[in-house]
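> Given next are the chains, with one letter for each unit.
Number of protein chains: 6
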Amino acid sequence: MQVSARNALKGTVKNVVVGSVNTEVTVEIVPGVEVTAIITKSSAENLKLTEGKQVYAIVKSSDVMIAVD
Amino acid sequence: MQVSARNALKGTVKNVVVGSVNTEVTVEIVPGVEVTAIITKSSAENLKLTEGKQVYAIVKSSDVMIAVD
Amino acid sequence: MQVSARNALKGTVKNVVVGSVNTEVTVEIVPGVEVTAIITKSSAENLKLTEGKQVYAIVKSSDVMIAVD
Amino acid sequence: MQVSARNALKGTVKNVVVGSVNTEVTVEIVPGVEVTAIITKSSAENLKLTEGKQVYAIVKSSDVMIAVD
Amino acid sequence: MQVSARNALKGTVKNVVVGSVNTEVTVEIVPGVEVTAIITKSSAENLKLTEGKQVYAIVKSSDVMIAVD
Amino acid sequence: MQVSARNALKGTVKNVVVGSVNTEVTVEIVPGVEVTAIITKSSAENLKLTEGKQVYAIVKSSDVMIAVD
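Residue numbers (the UniProt record's numbering), protein chains in the order written: chain A, 1 to 69; chain B, 1 to 69; chain C, 1 to 69; chain D, 1 to 69; chain E, 1 to 69; chain F, 1 to 69.
Everything labelled a hint here was simulated from the structure, so no lab data went into it. Hints may be right or wrong, so weigh each one.
As the list makes no split between identical chains, a pair holds if one copy fits it or if it spans any two.
[Said to hold, decoys possible] Distance condition first, Cα-Cα at most 16 Å in a straight line; then the derived EDC-like pairs of lysine to aspartate or glutamate: (1) K41 x D69; (2) K10 x E34; (3) K48 x E34; (4) K41 x E28; (5) K10 x E45; (6) K53 x E28; (7) K10 x E51; (8) K14 x E51; (9) K53 x E34; (10) K10 x D69.
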């Protein structure tokens, strides 16, 4: 499946924190660059997300903001 | 200003495409890793975004999805 | 690719309106049920979206609201 | 109240999972087509969401992605 | 219609900028407090948004971030 | 840091509800106008959010909808 979301960052799952409805997943893109996702607990289970797994962090470009110092 | 968004990826503006209401901004995080943002035209103007500028791509973690091959 | 987004509604492209930066895509899920997406113009081009094409409308569950009459 | 969100899919609540802050609500649009929403626990309580209730799943079109096989 | 989105800020339309696909709408909540929305051009037309009109700016709470100085 | 998000509403934290993964934060903008945010528990901890703290509620304009009565 090919998705219209412009941003698909390849990485490795570093950490998974399971909540009651949601799960927090931290993905290392390259050393020092991490992306954190909140997805539903059942999605995390469906995707069998565990530390070390190769994944993509997907973000729709309309959900990205830009900041400057 | 410190923002609650968990993801602030430091990078360099690579490309700016100006539309009628929105502007598309591509940020290189590291060579080979780019993030594209759609922000309002006036925000892009306020931040004086031009190629080569150091910026952060900011994403709220609830807007990140995870995909696997 | 398998995505964590819980909602993947199968349908057929009914209409495509191309803007300067964004493109509006209307997908018929079943007769009488349509979903409209705003995606970047370049995503729409990459996916070669034209009327009649079989697609999925993907929505992260944290982006769905509930309303009652 | 009439909302600018382009997508208002009429359906029936199939399942409600209550968490500590958020609640997951599954809505059947037509048999075989379901949409899952994560809303705050207090919103779910305000709307008195229970199985069988007629509701609308509301999605802003900028939150819809398109995928192809 | 009652929506699960927790934030419905009552205000007055101050400005409407029409683009090719999207429209930017600025709403004054109270003097000095404004909220800007990007909605589809056709939604803005359906709602007949013009300066001075009484409206609500609706935001899902999962789309709100918090920042501190 | 200056963020592209068009909406930065200054206010005071009125209430904080801590969940297992997420935290709900209610901010009073002016008396009678409140905004509720769902952010990650760790973000809320990083920002040391407690009642009475001066904060900004930040919303990207593409996440704002408009409704009329």
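> Next, verify each hint and record whether it holds.
Hints and how they fare:
{"no.": "1", "hint": "K41 x D69", "result": "neither (35 Å within a copy, 19 Å between copies)"}
{"no.": "2", "hint": "K10 x E34", "result": "both (11 Å within a copy, 11 Å between copies)"}
{"no.": "3", "hint": "K48 x E34", "result": "neither (20 Å within a copy, 22 Å between copies)"}
{"no.": "4", "hint": "K41 x E28", "result": "neither (20 Å within a copy, 20 Å between copies)"}
{"no.": "5", "hint": "K10 x E45", "result": "neither (19 Å within a copy, 22 Å between copies)"}
{"no.": "6", "hint": "K53 x E28", "result": "within (10 Å within a copy, 24 Å between copies)"}
{"no.": "7", "hint": "K10 x E51", "result": "within (14 Å within a copy, 24 Å between copies)"}
{"no.": "8", "hint": "K14 x E51", "result": "within (5 Å within a copy, 32 Å between copies)"}
{"no.": "9", "hint": "K53 x E34", "result": "within (14 Å within a copy, 21 Å between copies)"}
{"no.": "10", "hint": "K10 x D69", "result": "between (27 Å within a copy, 10 Å between copies)"}
The structure is inconsistent with the numbered hints 1, 3, 4 and 5, although it conforms to all the rest.
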